[in-house]
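*Asks:* These are the residues of each chain, in order.
There are 2 protein chains.
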Amino acid sequence: MTQLFQKAAIIGVGLIGSSLARVLRQKGLAARIVGVSRSAENRETAVTLGIADEMTDDAAQAAKDADVVFLCTPVGAVGSVAKRIAPVLKEGCIVTDVGSVKTAVIEAVAPELPPYARFVPAHPVAGTEKSGPANGFAELFEGRWCILTPSDDADEKAVALVSRVWEEAGMKVERMTPERHDTVMALVSHLPHLIAYTIVGTAADLEEQTKEDVIKYSAGGFRDFTRIAGSDPVMWRDIFLSNSDAVLNVLQRFSEDLTALQRAIRWKEGDKLEDLFRRTRNIRRRVIEARQDQPENEKLLLKRSARQK
Amino acid sequence: MTQLFQKAAIIGVGLIGSSLARVLRQKGLAARIVGVSRSAENRETAVTLGIADEMTDDAAQAAKDADVVFLCTPVGAVGSVAKRIAPVLKEGCIVTDVGSVKTAVIEAVAPELPPYARFVPAHPVAGTEKSGPANGFAELFEGRWCILTPSDDADEKAVALVSRVWEEAGMKVERMTPERHDTVMALVSHLPHLIAYTIVGTAADLEEQTKEDVIKYSAGGFRDFTRIAGSDPVMWRDIFLSNSDAVLNVLQRFSEDLTALQRAIRWKEGDKLEDLFRRTRNIRRRVIEARQDQPENEKLLLKRSARQK
Chain A
14 MTQLFQKAAI IGVGLIGSSL ARVLRQKGLA ARIVGVSRSA ENRETAVTLG
64 IADEMTDDAA QAAKDADVVF LCTPVGAVGS VAKRIAPVLK EGCIVTDVGS
114 VKTAVIEAVA PELPPYARFV PAHPVAGTEK SGPANGFAEL FEGRWCILTP
164 SDDADEKAVA LVSRVWEEAG MKVERMTPER HDTVMALVSH LPHLIAYTIV
214 GTAADLEEQT KEDVIKYSAG GFRDFTRIAG SDPVMWRDIF LSNSDAVLNV
264 LQRFSEDLTA LQRAIRWKEG DKLEDLFRRT RNIRRRVIEA RQDQPENEKL
314 LLKRSARQK
Chain B
14 MTQLFQKAAI IGVGLIGSSL ARVLRQKGLA ARIVGVSRSA ENRETAVTLG
64 IADEMTDDAA QAAKDADVVF LCTPVGAVGS VAKRIAPVLK EGCIVTDVGS
114 VKTAVIEAVA PELPPYARFV PAHPVAGTEK SGPANGFAEL FEGRWCILTP
164 SDDADEKAVA LVSRVWEEAG MKVERMTPER HDTVMALVSH LPHLIAYTIV
214 GTAADLEEQT KEDVIKYSAG GFRDFTRIAG SDPVMWRDIF LSNSDAVLNV
264 LQRFSEDLTA LQRAIRWKEG DKLEDLFRRT RNIRRRVIEA RQDQPENEKL
314 LLKRSARQK
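Chains as they are written, first to last, in the numbering used here: chain A, 14 to 322; chain B, 14 to 322.
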């Protein structure tokens, strides 16, 4: 147990914020944790679950005297939260976030902060399709990557402290530019979510009888997409809006590739199909080799989801 | 233990065929199981694993004197197999299949069979992205649906026997027309696979540095698509070619929906995005309510995949 902070403020106690709070608590990283939520229900849940020492709906009150402030709201809200807390931040306070988009978050947050605050943008690449404080758990981050995108003139001690927090959560920490982060995430995460939302939306528009069949037989593949498309609507709306350039770019590539495949099916070009399917199998192999296919972690998630039913 | 058949022939001992063979064996449904594979390696594996009493590369030899023949090859091959076995089929022999497409399979198989054979087209909706006899297991079918699409003048005793086999495997059996089956599966299964293949293919075309990053951070969503896109290339080539009309039809709807979403992102129409994402969440809820999201079964699969590493 190494205490890194006297007071930690967590603005937003959804899946990520509440899981982080659990980590801080279990590892004793902060002497005092103050959480912020606009929802009275979430504040009550967080207190009942013992996630935070104190819950408030006032971000400024939570940030006052804090040694570290974690911005864990949907990315569309980080700018206004930064503006709200800026006047009360104490000298040297670390401000960090967990947003899935980095360029837009930096543009929104950095100009609001006083020069004596130390900003370290971060993205713990972890999550489930569940949201809210009750669905968080400390093991969520284990074995996953956390990407930090601090500027070149960032305070290195602050960067090291934020790294330390995520390492304590079980993550492997990497550093890259916000632009590279956003390009990679557009393909790794944002496009898959966009496509899952689309295909499930296509099904939602079917006439009721067919829709019932689709749900009934969803184990054939569709189900995996519904899981992704069950993710938090506001969080994902904000991600697509704030990383729109990179998302539209990969979407364009994807559409071209899909059109080519559509044409191959129409003209019965079996060799082209088989050739593509073999190449994608190789990518799968590399994902497994990179140990990003982690049954241990997944089993844990499934065990939790079974328990919650 | 109820023996339903003296001799059962299983043409094709891949994931489904070998899993079915294990069920027949464990439940004592057939006194003798003869398996067919063109691959010497698969024949040896099947014998070593005790999946079949006998393995041959000659479908006709296996089908001779059989009470039931299960066609478990990729759907593109069922027509030629039916032609090959037709001359040796004994009177009243049940011929059934496991193909993911039904109209094309019926068109390919039915005309080849002698009038005294009893044809019952079937599709056990189950699978993993793995292929080959070593990856099969008897529990694969548990809790899943099996869809039968016999013609109106099919022999009802044969239909009942095939139902019985899949019920013994733990499946819930449904009956519908081949056309309805193909329409529903185009959306439930074929479109999701096509899209997963496409997005993973889009990644495969990236320059190597970005591709490495995509693999490294694949847990953000991309990984789920690589699992689907790791499925058997020949099996899926055949599915897309033989259900092309229905697949192209749902693909057209999907593309329209994706284009609408693309436009909403470009014009920053957040309300439209959020509205769609809320609707898809409802579909997810219905999938869970329909108990198609089965952690128990998934846990078993994960346990197996962990063991195999």
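Just so you know, not all the hints are guaranteed correct.
Stretch-level coverage of chain B by chain A, calculated; a stretch enters the list once three of its residues show a Cβ under 8 Å from a Cβ in chain A [as the list claims (entries may be wrong)]: (1) 51-60; (2) 75-84; (3) 120-132; (4) 208-214; (5) 275-284.
If you are wondering where the hints come from, they were derived from the structure by calculation, not from laboratory data.
Computed from a predicted structure; not experimentally measured.
C-beta atoms are modelled at their ideal positions from N, C-alpha and C, and glycine is treated no differently.
*Asks:* Hint by hint, say whether it matches the structure.
*Replies:* Status of the hints after comparison with the structure:
1. 51-60: violated (count 0)
2. 75-84: Since 0 is below three, the answer is violated.
3. 120-132: violated (count 0)
4. 208-214: Contact hint for the segment 208-214 of chain B vs chain A: holds, 7 residues under 8 Å.
5. 275-284: holds (count 5)
Figure legend: structure checked against the earlier numbered hints; hints not met, in rising order: 1, 2, 3.
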